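Peer 1: Given next are the chains, with one letter for each unit.
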Amino acid sequence: MSDEVVAAVASAHRRDWARVLAATAQLTRDLDLAEECTQDAYAQALRVWAHSGVPDRPGAWLTQVARNRARDVLRRESRFRRAMPLLVADETLPGPEDGLAADGRLRLIFTCCHPALGREAQVALTLRLVCGLSTADVARAFVVREATVAARITRAKKKIATARIPYRVPGPDQLGERVGAVLQVVHLIFTTGHTAPDGPDLIRCDLTRCAVDLARMLHLLMPNDAEVTALLALLLLNDARAASRVGPDGRMRLLADQDRSLWDAALIAEGAALLTGALRGGPPTRYAVEAAIAAVHAEAPTWADTDWTEIVQLYGVLSRIWPGSPVVALNRAVAVGMRDGPQAGLDALEPLLGEPALAGYGYLSAARADLLRRLGRLPEAAAAYREALLLTANEVERAFLTERLDQVR
Amino acid sequence: MAKYMLLIYGDAAQWEAMTPGERAAHDAAHRAFAEAAGSRIVGGGELETAPSATTVRGGADGDLITTDGPFLDTKEAVGGFYLIEAGDLDEVLALTALLPEVAAAHSAVEVRPMVFHG
Chain F
1 MSDEVVAAVA
11 SAHRRDWARV
21 LAATAQLTRD
31 LDLAEECTQD
41 AYAQALRVWA
51 HSGVPDRPGA
61 WLTQVARNRA
71 RDVLRRESRF
81 RRAMPLLVAD
91 ETLPGPEDGL
101 AADGRLRLIF
111 TCCHPALGRE
121 AQVALTLRLV
131 CGLSTADVAR
141 AFVVREATVA
151 ARITRAKKKI
161 ATARIPYRVP
171 GPDQLGERVG
181 AVLQVVHLIF
191 TTGHTAPDGP
201 DLIRCDLTRC
211 AVDLARMLHL
221 LMPNDAEVTA
231 LLALLLLNDA
241 RAASRVGPDG
251 RMRLLADQDR
261 SLWDAALIAE
271 GAALLTGALR
281 GGPPTRYAVE
291 AAIAAVHAEA
301 PTWADTDWTE
311 IVQLYGVLSR
321 IWPGSPVVAL
331 NRAVAVGMRD
341 GPQAGLDALE
351 PLLGEPALAG
361 YGYLSAARAD
371 LLRRLGRLPE
381 AAAAYREALL
391 LTANEVERAF
401 LTERLDQVR
Chain W
1 MAKYMLLIYG
11 DAAQWEAMTP
21 GERAAHDAAH
31 RAFAEAAGSR
41 IVGGGELETA
51 PSATTVRGGA
61 DGDLITTDGP
71 FLDTKEAVGG
81 FYLIEAGDLD
91 EVLALTALLP
101 EVAAAHSAVE
111 VRPMVFHG
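Same order as they appear, the protein sequences are chains F and W.
Under UniProt numbering, the first sequence has 367 at position 367, and the numbering climbs by one with no breaks.
Under UniProt numbering, the second sequence has 66 at position 66, and the numbering climbs by one with no breaks.
The set of hints was computed from the structure by calculation and includes no laboratory data.
A few of these clues could be false.
Claimed, not checked - Below, computed lysine to aspartate or glutamate pairings styled on DMTMM-like, alpha-carbon distance capped at 25 Å:
1) W:Lys3 <-> F:Asp32
2) W:Lys75 <-> W:Glu48
3) W:Lys3 <-> W:Glu110
4) W:Lys75 <-> W:Asp27
5) F:Lys158 <-> F:Glu36
6) W:Lys3 <-> W:Glu46
7) W:Lys3 <-> F:Asp90
8) W:Lys3 <-> F:Asp173
9) F:Lys159 <-> W:Glu91
10) F:Lys158 <-> W:Glu110
11) F:Lys159 <-> F:Asp201
12) F:Lys158 <-> F:Glu77
13) F:Lys158 <-> W:Glu91
14) F:Lys159 <-> W:Asp27
15) W:Lys75 <-> W:Glu16
16) W:Lys3 <-> W:Asp88
17) F:Lys159 <-> W:Glu48
18) W:Lys3 <-> W:Glu35
19) F:Lys159 <-> W:Asp88
20) F:Lys158 <-> W:Glu85
21) F:Lys158 <-> F:Glu177
22) F:Lys158 <-> W:Asp88
23) F:Lys158 <-> F:Asp40
24) F:Lys158 <-> F:Asp32
Only a predicted model underlies this, so the values are computations on that prediction, with no experimental measurement involved.
Full structure from sequences and hints, please.
Peer 2: Shown next as structure tokens:
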């Protein structure tokens, strides 16, 4: 099999999976069957394209094959299938005049992120059905057993059918709240990929790419939603730094030590332009402020030249939009430590040490360790680094913390 | 179409402590719900409080055991219900949001689909 065919199938997988599955689910009104037929169509593409070449419109080819396969199965099993609860879908396919509802991928993602499903189920379903990740990859991303993810997905699909969660883009009265849930899922997928909770790699590129693709799709379909625009800006501005976060020696580089020439200038420019759009009209959303913070970092020529006053102010704005978030308070304390020196940072961090929500949050210990190190309080810094080491299973992060620990010992 | 049971849970002591004004607003909200739901309401009603419940179960030797009180002895209990017929969950959730028990801090509404025996 030629590399070209494999690459074409992989690219069609990334670009068209959700579209093919959505179009097939519309026909089958059964997510399981739609998933099977979609997977089947990609397997066939590998075989057929090797012989007859890659079609002009791979997505359309795959959709047709998946839907034909679904029709066969439905014909054969019609009596058996009639007894099962079906996906509630509108009988007629929406036309272009229906606006948002016209894109099958949106129906799919709104169904996967329905608030009647738990957050873990929403994330697993989105990764499996919308991004086309295997159950094994989803399990690896969230450090759970594959059987657990499979059970979670099965249970969620069953609830979609029995509780009749509709396969539909919600109407205007419910859309705002539902978009929020979708964005939270996309954001969680990105942050999980940005620093993998476990394993040999700092970044799980399949997850960050999946999240960026989802955010791009949502922005394309809902260009006037400021929150969607802000989330895309945030993801692009963070993703722009990916190449510099691990050095050529495989070691983690903090923002302070990154080679800024490796940052993706095109992504930064795109993110900054989107952010400007998102801030126009209306008060800023949580994602817009986070994107603004990322933009200040992205546009600073060096770590030392970063506008820390502005960063501290932005964290202040963020804590008003998102009151009571201890993670925001922690990040603000780190920025205060840069603006006013390590003692001020440590003072700002102090009230967070007893915060139950941060118990087990390794970045609190790591931030404290760094401030203590800068103050020359080395034995305390070493203790804090040891504590941070207990709280991460990511090997690249562990190597970094071990190195810092050795320096202060 | 499918049927859904809306189980209204809450703290009976707080329901009983409502002032006449609160009670009137509460009843008005239920009337507004009924108007919005229209013919989709198959049935429903307010239940007497849990101490009025009688629970019946079978004993080890096949006896009938009748006990005073609810099956689950909790502070928050079912205080009422609606049986609704609707096309999908979103339709039911939009109606459920109108119920005053959703807004009150001590209560909530559980939405359960009924098994369809075709």
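Peer 1: Starting from F:Lys158, check that the Cα of W:Glu85 is at most 25 Å away, please.
Peer 2: Given pair F:Lys158, W:Glu85 holds - Cα atoms ~20 Å apart, limit 25 Å.
Peer 1: For W:Lys3 and W:Glu46, compute the direct alpha-carbon distance and say whether it is at most 25 Å.
Peer 2: holds (19 Å)
Peer 1: Given the hinted pair W:Lys75 and W:Glu48, is their Cα-Cα distance within 25 Å?
Peer 2: holds (15 Å)
Peer 1: Are W:Lys3 and F:Asp90 close enough, with their CA atoms no more than 25 Å apart?
Peer 2: holds (18 Å)
Peer 1: Below or equal to 25 Å on CA atoms is what counts here, so check W:Lys3 against F:Asp32.
Peer 2: Holds, because 24 Å separates the two Cα atoms, which is no more than 25 Å.
Peer 1: Check whether the Cα positions of F:Lys159 and W:Glu48 lie no farther apart than 25 Å.
Peer 2: violated (32 Å)
Peer 1: Below or equal to 25 Å on CA atoms is what counts here, so check W:Lys75 against W:Glu16.
Peer 2: holds (13 Å)
Peer 1: What's the verdict on F:Lys158 and F:Glu36, does the C-alpha distance respect the 25 Å limit or exceed it?
Peer 2: The hint holds at about 16 Å.
Peer 1: Given the hinted pair W:Lys3 and F:Asp173, is their Cα-Cα distance within 25 Å?
Peer 2: OK: W:Lys3 and F:Asp173 at ~23 Å, within 25 Å.
Peer 1: Take a quick look at whether F:Lys158 and F:Glu177 sit within 25 Å of each other, Cα to Cα.
Peer 2: holds (23 Å)
Peer 1: CA of F:Lys159 to CA of F:Asp201, is that 25 Å or under?
Peer 2: Answer violated: F:Lys159 to F:Asp201 is near 35 Å, above 25 Å.
Peer 1: Do the alpha carbons of F:Lys158 and W:Asp88 lie within 25 Å of each other, as the hint requires?
Peer 2: Judged against 25 Å, a Cα distance of about 14 Å means the pair holds.
The earlier numbered hints that this structure contradicts are 11, 14 and 17.
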